[in-house]
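Read in order, the letters of the sequence shown are residues 1 to 89 in full-length UniProt numbering.
Errors might be hidden in some of the hints.
As the list claims (entries may be wrong) - Per label pair, the in silico range of CB-to-CB distance:
#: 1; residue 1: Ile25; residue 2: Pro52; range: 16 to 22 Å
#: 2; residue 1: Ser76; residue 2: Met29; range: 16 to 22 Å
#: 3; residue 1: Ile55; residue 2: Lys28; range: 35 to 41 Å
#: 4; residue 1: Val40; residue 2: Ser67; range: 30 to 36 Å
#: 5; residue 1: Glu58; residue 2: Lys18; range: 31 to 37 Å
What the hints assert, rightly or not - Derived lysine-lysine pairs resembling DSS-like cross-links, with alpha carbons at most 30 Å apart:
#: 6; residue 1: Lys65; residue 2: Lys18
#: 7; residue 1: Lys72; residue 2: Lys28
#: 8; residue 1: Lys68; residue 2: Lys24
Worth flagging that the hints you see were computed from the coordinates, not collected in a lab. Just so you know, even glycine gets a beta-carbon here, dropped at the ideal spot from N, CA and C.
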Amino acid sequence: MKKSNKKSTQTDGSGGAKMSVENKIETKMQIAALEKIRQVLCQRRIRLENVPCAIDMEICHIEEKISKEYAKLGISMTDLPEKQKEAWK
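Model the full assembly from the supplied sequences, consistent with the hints where possible.
Here is the structure:
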């Protein structure tokens, strides 16, 4: 008997587009990793008096990536809970 290699899918809330569960999990893991990197960089920025411009630029770049990953899930930054919004400030 042949085994089906179909990926399970579900709508992501963005106009009926479908995203596989595996892709959704991967995207959420990517967001978590990016947020962890962002947090480390922000802590480093706080400890340094004279913040290198490269750190600020990297933080902005990571924040853009996080926004794009949330967009893949159909979530805009304004849809996030207050706790997560505060973390961005």
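Hints, one by one, checked against the model:
no., hint, in the structure
1, Ile25 x Pro52: 16 to 22 Å, "violated, 35 Å"
2, Ser76 x Met29: 16 to 22 Å, "holds, 20 Å"
3, Ile55 x Lys28: 35 to 41 Å, "violated, 26 Å"
4, Val40 x Ser67: 30 to 36 Å, "violated, 19 Å"
5, Glu58 x Lys18: 31 to 37 Å, "holds, 33 Å"
6, Lys65 x Lys18, "holds, 21 Å"
7, Lys72 x Lys28, "holds, 10 Å"
8, Lys68 x Lys24, "holds, 13 Å"
The earlier numbered hints that this structure contradicts are 1, 3 and 4.
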